[in-house]
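2 protein chains.
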Amino acid sequence: MAAQSLTVGVDLGGTKIQTAILRGLDVLGTARVSTPQTGGDDVAAAIMVTINEAAAAAKVRATMLGLIGVGSPGTVDQKTGLVSHAANINGFEAGYALGKRLAGLTGAKVVIDNDVRVAVLGEHRAGAGRGIDNFLGVFLGTGVGGGLVLNGVLRRGRGAAGEVGHTVVKDEGRLCGCGRRGCLEAYASRSGIERQARALMKKGRKTELFDIMHARGRSTLTGGVIYRALERKDRVTLELIDDAVWALGIALASAQNLLDLEGMIIGGGLGDRLGQPFIDRVTAAMHPHLFVDDRPPKLLPTALKDLSGAVGAALLAADSLT
Amino acid sequence: MAAQSLTVGVDLGGTKIQTAILRGLDVLGTARVSTPQTGGDDVAAAIMVTINEAAAAAKVRATMLGLIGVGSPGTVDQKTGLVSHAANINGFEAGYALGKRLAGLTGAKVVIDNDVRVAVLGEHRAGAGRGIDNFLGVFLGTGVGGGLVLNGVLRRGRGAAGEVGHTVVKDEGRLCGCGRRGCLEAYASRSGIERQARALMKKGRKTELFDIMHARGRSTLTGGVIYRALERKDRVTLELIDDAVWALGIALASAQNLLDLEGMIIGGGLGDRLGQPFIDRVTAAMHPHLFVDDRPPKLLPTALKDLSGAVGAALLAADSLT
Chain A
1 MAAQSLTVGV
11 DLGGTKIQTA
21 ILRGLDVLGT
31 ARVSTPQTGG
41 DDVAAAIMVT
51 INEAAAAAKV
61 RATMLGLIGV
71 GSPGTVDQKT
81 GLVSHAANIN
91 GFEAGYALGK
101 RLAGLTGAKV
111 VIDNDVRVAV
121 LGEHRAGAGR
131 GIDNFLGVFL
141 GTGVGGGLVL
151 NGVLRRGRGA
161 AGEVGHTVVK
171 DEGRLCGCGR
181 RGCLEAYASR
191 SGIERQARAL
201 MKKGRKTELF
211 DIMHARGRST
221 LTGGVIYRAL
231 ERKDRVTLEL
241 IDDAVWALGI
251 ALASAQNLLD
261 LEGMIIGGGL
271 GDRLGQPFID
281 RVTAAMHPHL
291 FVDDRPPKLL
301 PTALKDLSGA
311 VGAALLAADS
321 LT
Chain B
1 MAAQSLTVGV
11 DLGGTKIQTA
21 ILRGLDVLGT
31 ARVSTPQTGG
41 DDVAAAIMVT
51 INEAAAAAKV
61 RATMLGLIGV
71 GSPGTVDQKT
81 GLVSHAANIN
91 GFEAGYALGK
101 RLAGLTGAKV
111 VIDNDVRVAV
121 LGEHRAGAGR
131 GIDNFLGVFL
141 GTGVGGGLVL
151 NGVLRRGRGA
161 AGEVGHTVVK
171 DEGRLCGCGR
181 RGCLEAYASR
191 SGIERQARAL
201 MKKGRKTELF
211 DIMHARGRST
221 LTGGVIYRAL
231 ERKDRVTLEL
241 IDDAVWALGI
251 ALASAQNLLD
261 LEGMIIGGGL
271 GDRLGQPFID
281 RVTAAMHPHL
291 FVDDRPPKLL
301 PTALKDLSGA
311 VGAALLAADS
321 LT
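Residue numbers (our numbering), protein chains in the order written: chain A, 1 to 322; chain B, 1 to 322.
Calculated from the structure, these hints are not laboratory results.
Check each hint, because a few of them may be wrong.
Which copy? The list can't say, so a pair holds if one copy fits it or any two copies do.
To be verified - The calculated SDA-like cross-link candidates involving lysine to any residue, where the alpha carbons are at most 25 Å apart (straight line), are:
#	residue 1	residue 2
1	K233	R156
2	K298	R156
3	K79	R180
4	K298	G179
Chain A extracted, bound-state conformation (with noise of 0.2 Å):
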């Protein structure tokens, strides 16, 4: 059965590349290396140090590998494997082919979707998503990213659906990463959340947000830089949440509306960190704009944390075989 042969499933992002090694749905074996920031070469061969240190962790030979899925940001041309537009890794704004490189270095078959999709994919078919064949998946980090199962179905729609990150919660509100204003991603990510305590901080407020930043030697508002100003009971930050918590109910309560879904997943760095006690906020912040309040989709953290990315990877290649 193909489902059962050693799949890899590699998760590339901006600040780390998370393997895991699979048989069927089990995992077996993971490594996690910082992503290098010297070219697109450098961040294949670090790719392949993951690849040969989960292969140890799950006592298989690596060489045993013929099967490679992998989710990226930016651009994917699922034929090709050439990956654009992926602004956080160096190398890859302009288009690096990820998929030829570690075919050559591997003899594997590459298989490589975005990210966040591959994230989805994982989530619904070995965490959270088991049993829920309509959900929306919105994981909270440097942006917000989303992805839709509709009808057991990953939808893709011409290639860019699930961007539910940019559902306009305030016409002209605050500035998004996108140059647009008043996306749901410009108050519930990291970056928003950065954005905005700098703002605020220049006008004068208070906040030990990059305090804690600095003393945990980090240079951008981590997931658990911002839990533990939370924990601290910072102002800003609580104000911070508050917003994401406000901008979330609003365009989660929209989506809802137009698509009437069982569930929706909530993962990403961020929305990990945050957990459960932030899910149920952020469902009682989306029932008073439900059209239809009487059945709400039920919210849930991811199961598979920050092996979503992996899992799914996994799965995409697995099922390339199919």
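Since the structure of chain A is provided, determine the placement of chain B on it from the hints.
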């Protein structure tokens, strides 16, 4: 071939009943009467009048018509033909067994579904949506109805999919007929426009809207009344249509970012009346909010105009044979 047999389609609305007789996709005859406000049995009798008139126009015997499709507002139990929660039709609020009654009066097989969904089906198979497998139908009438076709199939969700009218375009914005605030419907429906026009009059604003309404013997702001006031460049009407364009721009862009559709079809009594110039304005208002803005969805008027519902109802009935 089932598609070539004679089929009756009935579009039951709060103000009128529109019936069409089809052979395949060809409309052979139509008839229209006002909707009685004197109870369910009178509505069923009025439907019988339209069927007989349409049969005469089509030059077919009414007794040959063995298959009737009905699009109805409210909640429709497709198995029993029970219609409920249809607030705009007297006698239907608490529930009326329309399917059973019509079957008893005609001996025909009767199939009933939601009015907006059958109108979307009509446009998809025989109207502006032919050849477009992923689109959103948006019907601007008393409310704002919506229906989604995804991968060629009408999306039902758990029975309530398509409610684009309740996209939140402005948190704590205008009061909507649904009791919530800031929904698209509060800005882009006849009832929303009328409510806001009355509120502005109370504040001392002058408008010709209600003079035109009275001169035409109407008791509500019809699409025709609003269109005439626009032609006269009535200041309040111009502002209210600006608001409708703005609200549609936000709601349709958010839907597009989530679903990556090929097209959107704008219809309904008000939408049909405002026509292409209005659709061009909505297209322009949507564009700044599109995440992928180099291939916007094509916005189109309905092709079947006020026959979308009746044609769709007939096609729904024909489908029930296959």
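Which numbered hints turn out to be false for this structure?
-> 1, 3
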